[in-house]
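J.: One letter stands for each residue in the lines below.
There are 2 protein chains.
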Amino acid sequence: MEAKLQEFENYLKKMRALQMALTLFSWDMSTVAPRAGAPSRAPYIGLISAEQFEMLTSPVMEGYLDYVEGLGSDASEIWQAIARNLRREYDANKKIPPNLILEFSELMATAQPIWEKAKETNDYPLFAPTLEKIIGYQKRFIEARGYDGHPYNTLLDDYDQGMTVEKLDAFFSELKETVVPLLKSVVESKAQTDTSFLAPVDIATQQKLSAFLMDKVGFNSTYGILSESAHPFTTGFGKYDVRITTHYYEDKPLSSMYSVIHECGHAIYEQNISDELAGTPLENGANMSIHESQSGFYENIIGRSLPFWQNVAGEVGSILGGSYAGVSAERFYAASNTARPGMIRTEADELTYSLHIMVRYELEKEMISSDVDVSKLPGMWNDRYEEYLGIRPANDAEGILQDVHWSGGSFGYFPSYALGNAYASQIKAAMAKDLDFDALVSSGDIAGVENWLRAKIHGFGMLKTPEELIVGATGESLNAKYYTAYLKEKFEGIYGA
Amino acid sequence: MEAKLQEFENYLKKMRALQMALTLFSWDMSTVAPRAGAPSRAPYIGLISAEQFEMLTSPVMEGYLDYVEGLGSDASEIWQAIARNLRREYDANKKIPPNLILEFSELMATAQPIWEKAKETNDYPLFAPTLEKIIGYQKRFIEARGYDGHPYNTLLDDYDQGMTVEKLDAFFSELKETVVPLLKSVVESKAQTDTSFLAPVDIATQQKLSAFLMDKVGFNSTYGILSESAHPFTTGFGKYDVRITTHYYEDKPLSSMYSVIHECGHAIYEQNISDELAGTPLENGANMSIHESQSGFYENIIGRSLPFWQNVAGEVGSILGGSYAGVSAERFYAASNTARPGMIRTEADELTYSLHIMVRYELEKEMISSDVDVSKLPGMWNDRYEEYLGIRPANDAEGILQDVHWSGGSFGYFPSYALGNAYASQIKAAMAKDLDFDALVSSGDIAGVENWLRAKIHGFGMLKTPEELIVGATGESLNAKYYTAYLKEKFEGIYGA
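Residue numbers (my numbering), protein chains in the order written: chain A, 1 to 497; chain B, 1001 to 1497.
Keep in mind that the hints were calculated from the coordinates and are not lab data.
Cβ coordinates follow ideal geometry from the N, Cα and C atoms, glycine included.
Check the hints yourself; a few may be wrong.
[Claimed, not checked] Reference excerpt, derived from the structure (chain B facing chain A, CB under 8 Å, subset only):
id: 1; residue: Lys-1014
id: 2; residue: Asp-1028
id: 3; residue: Tyr-1044
[To be verified] Over 12 Å on every C-beta distance to chain B, these chain A residues come out as not near it, computed from the model:
id: 4; residue: Pro-43
id: 5; residue: Leu-71
id: 6; residue: Ala-75
id: 7; residue: Ala-128
id: 8; residue: Ala-204
id: 9; residue: Glu-366
id: 10; residue: Asp-371
Isolated chain A, as found in the complex:
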């Protein structure tokens, strides 16, 4: 048994080496690589990617998985979890005929530039035929992989194991019932927040603020770095090298501030994974939704809370200077929680964010389940914005063309953003039974909060299933009520609604 597992471990290390190289190429491309060099690098990235895919889907891999599964409970908990996770990946990729994967990757090589051009020129019909093809491939993938209940379930499951249309319909319906009227009362409230002090801040000063915030929320800079990229993200090479990025806008200092805290949430999760999982395929967050729950927890539950501002208002004011100097915690708190319906998801506030997601969820469900006429999608999009947010996009560039996901072939991904926030609220409620969150955060003892998260969530990496994890941490499965209650309490408080 030992020899065979040792062999498998070596095989996995080789796969991981290739994966690290791919991650590094991607990091490099998003941060410093000369853009014009991309076409000449692409074939080499393709070759490494092909080798990694070949290792993941080879009969050798299947043999190892069969072996570990055959050991049953004789295998260690770690090996069982490795096999469980790799089997999911193996199945997801193996069941799709290779020629379909090849065709799709050829389509993907051209889709993004077409989308970029369509967005730039506000020309949805330019992108529509490509979108139609991409949807067609999604359906064929689902057909090949099989599905339980709704075909969309197969894609949802990729990002959040066990998630289904049935559960999500209920989730969003509960959310809609609370958030749509809440937003209406916020918009109509006479108690609008005071944002008059939010003047532009030069980038060097914002960089100082980033360093302060990273330190404040507990990012471990010995084992990680901050860089800049067009869109903020987190990536990593195991827990000892976790990297985050931000993007600075002179006229929107809070934008970078909260994207730094958000990415710190992702990063701290990875940095806190237990040492015994280091170097294994379990050295990752449990899934997309749980990962978003941790970034959301840091960004919103901590970073947009009054106790946090009570702790940092003075220092933030003195770092930013000018109109920010001496601003009270209460004013910072209100300004950073300004809720307004807007067209663009990535600029949305905490209250409206999940409504943006709901629109995309409903459209994806439609695309996957019926023979949707792609020319009708912009109208469907705009109608829903009007219904949920009370505003209607003036054009498709600020409407259906705004997100990169579909042109990148990502379907089923969007819901994890909303689910992440819901998980975060539920985790906060469970945490509140064990510790005094407000007292810890207002005194700057965020490590006290982090310790709870490490013990209940972070440390496990991919060792537990997401369901085991959330039940273990909170005593129950995902329940939207914590999220709706949290939003109601917070925004009614701020807007006196």
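Given the coordinates of chain A, work out where chain B should sit on it, guided by the hints.
T.: The following block gives chain B in isolation, referenced to the frame of chain A:
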């Protein structure tokens, strides 16, 4: 024939993909990667490196090489050059028994930290046993690989094909005859250069100067970037992605200025390689010495010339401001050519640089050829510094421990620095027959110079042998007389010696 060559091409592309990944890991490590993450990344880099080495030394590779060599002149010029270069690499690596390579790489994993500590604490005896082992492996490598004439020739040939102890002894002896008395007269001259205006400059301003210089000398920023690292270097991913670094010291603005121009010389060489070689193993400089000749050409022949300063003095003065504003071309020229004996190679001026190299060359020759007593090496080092530069290191940290090369297992590498400068002078002399260098450079038309270099040197990549290249460009093999004449004329001019 076509099918077999296509197969070989695919094989080479795969090897190149792995090499690119390794290059990227190394770039990343030297620029942004968190240092503390290195141990956890190392095994993965090792695995990719092992796969690349396996492909280079496999029987499959040998089969391909035999095949192309068997085609003789039926193979294209490009395929012949690929086979010639890969055969060199194959032989160099294949003849060494794998267990020796493994033992050596284990030694290498510990050698650098030991050297670092020894340098830091000025404790040569701490490093001596490791150095002795490293020398022992070099000898066993040479034994395994075989040699013509002097055993050191095998190592010299790695960095400059065809280079021998016989040729280098003659080269350095001619250099010594000229430079040692020249330096003496420079030191004793009453006409010392005026460096009084060289005040510290903040790093943001130095970054602006870098951008100006890169543009001025013709670095193509569409296909390249500048970053920062502890020691400046150039690396690349083919001609469409060439990266340089610099290191800024507030109190030494000329240091970064000349390292940027130096690295631009390396980079422009790579950027100018002919398109037909892109993606092949020939998309590289001809060898280390030729590469150093191009960086040296840009740094010294162009950058430290009076015509260059005549073109840029005004702009450099206004970018740097303060005491630099309004400094004349002649004062900049003299200050940037200040010659003084010093202990540290990397801080040496153009006149003394090759003397530093000569010391290392003579010591390496000694280490490789005889049963040298490592405890005697510091004394040998210090005696030579006294003889050639007229100064004696106060301790081993500023003496024999100063360079990283030996602890990294690099022997035979040092001479290419001096040879590069000698090639550069010879190239300049040949170029002067075709164009008016001073007129072009003083008018800012460095593209005129670059065009000549592209046509005679850069475009060929590794297609020609270094010997073919230098004879093709200058009409003769390496001849030290151009270098000594250049140094004499320049420094006698400045120091009125």
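J.: Each hint should be assessed against the structure and marked as holding or not.
T.: Cross-check of the supplied hints:
1. Lys-1014: Nearest chain A Cβ about 6 Å off; hint holds.
2. Asp-1028: holds (6 Å)
3. Tyr-1044: Status holds, d = 4 Å.
4. Pro-43: violated (7 Å)
5. Leu-71: holds (26 Å)
6. Ala-75: Holds, because the least Cβ-Cβ distance between A/Ala-75 and chain B comes to about 23 Å, which exceeds 12 Å.
7. Ala-128: Since the minimum Cβ distance to chain B is about 33 Å, A/Ala-128 lies beyond 12 Å and the statement holds.
8. Ala-204: violated (9 Å)
9. Glu-366: holds (40 Å)
10. Asp-371: Check passes; 41 Å lies beyond 12 Å.
Checked against the numbered hints above, the structure violates hints 4 and 8; every other hint is satisfied.
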